[in-house]
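As they're listed, the protein sequences go chains A and B.
All residue numbers for the first sequence refer to my numbering, where the first residue is 1 and numbers rise by one.
All residue numbers for the second sequence refer to my numbering, where the first residue is 385 and numbers rise by one.
The set of hints was computed from the structure by calculation and includes no laboratory data.
We put the CB at the ideal spot given by N, CA and C, even for glycine.
Please note: incorrect hints may appear among the correct ones.
No more than 20 Å apart at the CA atoms, straight line, and that leaves these computed lysine-lysine pairs for PhoX-like [what the hints assert, rightly or not]:
{"no.": "1", "chain 1": "B", "residue 1": "K485", "chain 2": "A", "residue 2": "K155"}
{"no.": "2", "chain 1": "B", "residue 1": "K407", "chain 2": "B", "residue 2": "K437"}
{"no.": "3", "chain 1": "B", "residue 1": "K402", "chain 2": "B", "residue 2": "K485"}
{"no.": "4", "chain 1": "A", "residue 1": "K193", "chain 2": "A", "residue 2": "K270"}
{"no.": "5", "chain 1": "A", "residue 1": "K226", "chain 2": "A", "residue 2": "K2"}
{"no.": "6", "chain 1": "B", "residue 1": "K407", "chain 2": "A", "residue 2": "K158"}
{"no.": "7", "chain 1": "A", "residue 1": "K2", "chain 2": "A", "residue 2": "K158"}
{"no.": "8", "chain 1": "A", "residue 1": "K193", "chain 2": "A", "residue 2": "K158"}
{"no.": "9", "chain 1": "A", "residue 1": "K155", "chain 2": "B", "residue 2": "K439"}
Reference excerpt, derived from the structure (chain A facing chain B, CB under 10 Å, subset only) [claimed, not checked]:
{"no.": "10", "residue": "L133"}
{"no.": "11", "residue": "T188"}
{"no.": "12", "residue": "R249"}
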Amino acid sequence: MKVGVLGIGITKFGEIWDKGLRELLLDAQLLALKDAKIEAKQIDALYTGNMCGDSLSGQLHVGAMAAENLNLDKASIRVEGACASGSLALREGVLAIESGQADIVMVNGVEKMTDVSTEQVTTALMGAGDEELEGFNGLTFPGLYALLAKAYMTKYSKLTRDLLAEVSVKNHFHGARNSYAQFKSEITIDTVKNATMVADPLTLFDCSPITDGAASIILASEKTAKAMKSQVYITGSGLANDSLSLARRSSLTSIPAGAVAAQRAYSQAKIKVDDINFAEVHDCFSIAEILAVEALGLAKPGEAYKLYENKDTYFDGAHPVNTSGGLKACGHPIGATGVKQAIEAVEQLRGHAKNRQVKDAKIGVTHNVGGSGATVCVHVFKGE
Amino acid sequence: MFRESSIIRWRNYNDRYKLIGYKCDQCGKTYFEKKGLCTCGSLTFDEIEFSGKGKIVTYTKVHSGAEAFQEQAPFCVAIIDLDEGARITAQLTDCDYEDLKIGMEVEAVLRKFYKSGEKGVIHYGTKFTPKF
Ligand SMILES: [Zn+2]
Numbered sequence: 001m002k003v004g005v006l007g008i009g010i011t012k013f014g015e016i017w018d019k020g021l022r023e024l025l026l027d028a029q030l031l032a033l034k035d036a037k038i039e040a041k042q043i044d045a046l047y048t049g050n051m052c053g054d055s056l057s058g059q060l061h062v063g064a065m066a067a068e069n070l071n072l073d074k075a076s077i078r079v080e081g082a083c084a085s086g087s088l089a090l091r092e093g094v095l096a097i098e099s100g101q102a103d104i105v106m107v108n109g110v111e112k113m114t115d116v117s118t119e120q121v122t123t124a125l126m127g128a129g130d131e132e133l134e135g136f137n138g139l140t141f142p143g144l145y146a147l148l149a150k151a152y153m154t155k156y157s158k159l160t161r162d163l164l165a166e167v168s169v170k171n172h173f174h175g176a177r178n179s180y181a182q183f184k185s186e187i188t189i190d191t192v193k194n195a196t197m198v199a200d201p202l203t204l205f206d207c208s209p210i211t212d213g214a215a216s217i218i219l220a221s222e223k224t225a226k227a228m229k230s231q232v233y234i235t236g237s238g239l240a241n242d243s244l245s246l247a248r249r250s251s252l253t254s255i256p257a258g259a260v261a262a263q264r265a266y267s268q269a270k271i272k273v274d275d276i277n278f279a280e281v282h283d284c285f286s287i288a289e290i291l292a293v294e295a296l297g298l299a300k301p302g303e304a305y306k307l308y309e310n311k312d313t314y315f316d317g318a319h320p321v322n323t324s325g326g327l328k329a330c331g332h333p334i335g336a337t338g339v340k341q342a343i344e345a346v347e348q349l350r351g352h353a354k355n356r357q358v359k360d361a362k363i364g365v366t367h368n369v370g371g372s373g374a375t376v377c378v379h380v381f382k383g384e
Numbered sequence: 385m386f387r388e389s390s391i392i393r394w395r396n397y398n399d400r401y402k403l404i405g406y407k408c409d410q411c412g413k414t415y416f417e418k419k420g421l422c423t424c425g426s427l428t429f430d431e432i433e434f435s436g437k438g439k440i441v442t443y444t445k446v447h448s449g450a451e452a453f454q455e456q457a458p459f460c461v462a463i464i465d466l467d468e469g470a471r472i473t474a475q476l477t478d479c480d481y482e483d484l485k486i487g488m489e490v491e492a493v494l495r496k497f498y499k500s501g502e503k504g505v506i507h508y509g510t511k512f513t514p515k516f
């Protein structure tokens, strides 16, 4: 499989009070068109990841909005898979090209989250879990990942509180080097440990923030992409699903669907774990990054702590992870996150990542999780 | 998002208030709630009544809740393996978080969950408490 990337566009991530859902989406779309050097009318189809348009802005039908923004009457669909909405939209775009139905596709991701209270966002996000079995019991998303953290850190005690904090410290280090990141400040282990407790053992600095933002990426068939001298290609797309609720999973110390999705993507791209130069993973919570690097095979089960002990996951380390700053520091506008991960992969493979550039980056993977692991989507990107 | 509906409460009455679960009539696996096919592929279940006794598999203390649970926070939540085999998610009550441990024995009690608005309905459900 080979689908080219023609262009990328991303808004600033953060609390963007002067822009609504539509304006954020439009900004990213226009930036991507400019980067791709194409006109809107060349687009055959659009896929837009969005989770909370209805619950936070009262706006469904974001697919139609994406087409309307560009005065297009082309096929345009909103894709929802909780926090994995963005990568699912990307996957739909890839499949549309692979099927021959489209030659050029625009994939967007957008979320507007800061117009409402934190409690409203907490309630809306819980729709990604199992409403009747988890939400009804008062569980929140930090609560679900805290349950995983407690189980993991009890079984694998080498992942200490300090090493778990290293995930956020490293992601803030990268965020400080990313112009569109929500947080550009470096932090220390003490910042994480001394922050307000959200769901034990996770503090505020173990949690990704509430963020506004949008991201767009334009894909094309290999033939068109080659003709337009595209430097980056998607060579694998793997998707796997599992139960909505944690209680129905086969493991509480891993996210089983993550490993399945990764193997599907690797086998399609014909790569091995050792071929991977960097990864953008779903660190909605610090523990989620630990589970992600193990799902991707960058560490054996229970051994991810070693990567953080050795500072391997920094951009200049042996296994760079989340050079964008991840969800923690770059921000987590839910529907946009999966597309942002793809954009970071493209920036790295184009060699445009400036002071967070991974040296000689040739192959990168993105890993996007919906809910507490009910959906995991992994993509493989290759630079040429 | 919590939908205010007496029909939802009626539909979930067995799961929420009576600790009635489902046992696969093919392989014997037990479930707290009826959802889709059994892992063995069967779609037929017998109702069973749980004893309400079980053990903590993992737990946490939620410090800031969703809208409906805001006034209760902080509260403890756990995933529990019931003695009959089903694994469920529930709040823990009448306990100190610091005393909790994975593997600790707990039992079910009926408790208030949350109230929908000022004049709204009070929702009840099953919580668990450590056995002493
Ligand atoms: Zn069965």
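Hint-by-hint comparison with the structure:
Our distance criterion of 20 Å between C-alpha atoms is met by K485(B) and K155(A), whose separation comes to about 13 Å. Of the supplied pair hints, the one linking K407(B) and K437(B) holds, its CA atoms being roughly 17 Å apart against a limit of 20 Å. Using a Cα cut-off of 20 Å, the hinted pair K402(B) and K485(B) is violated, with the two alpha carbons roughly 26 Å apart. For the proposed pair K193(A) and K270(A), the alpha carbon gap of about 41 Å is over 20 Å, so the pair is violated.
At most 20 Å may separate the alpha-carbon atoms for a hinted pair to count; K226(A) and K2(A) meet this at roughly 11 Å. Restraint check: the Cα-Cα separation between K407(B) and K158(A) comes to about 38 Å, which exceeds 20 Å; the hinted pair is violated. Taking the CA atoms of K2(A) and K158(A), the gap is about 40 Å. The hint is violated against a cut of 20 Å. With a C-alpha separation of about 17 Å, the suggested pairing of K193(A) with K158(A) holds against the 20 Å cut-off.
About 16 Å separates the Cα atoms of K155(A) and K439(B), which keeps this hinted pair within 20 Å; it holds. With a least beta-carbon distance of about 6 Å to chain B, the hint placing L133(A) at the interface is held under the 10 Å criterion. Interface restraint check for T188(A): the shortest CB-CB distance to chain B comes to about 22 Å, outside 10 Å, so the restraint is violated. Annotation: interface hint on R249(A) holds; nearest CB of chain B at approximately 9 Å, less than 10 Å.
Checked against the numbered hints given earlier, the structure breaks hints 3, 4, 6, 7, 11 and satisfies all the rest.
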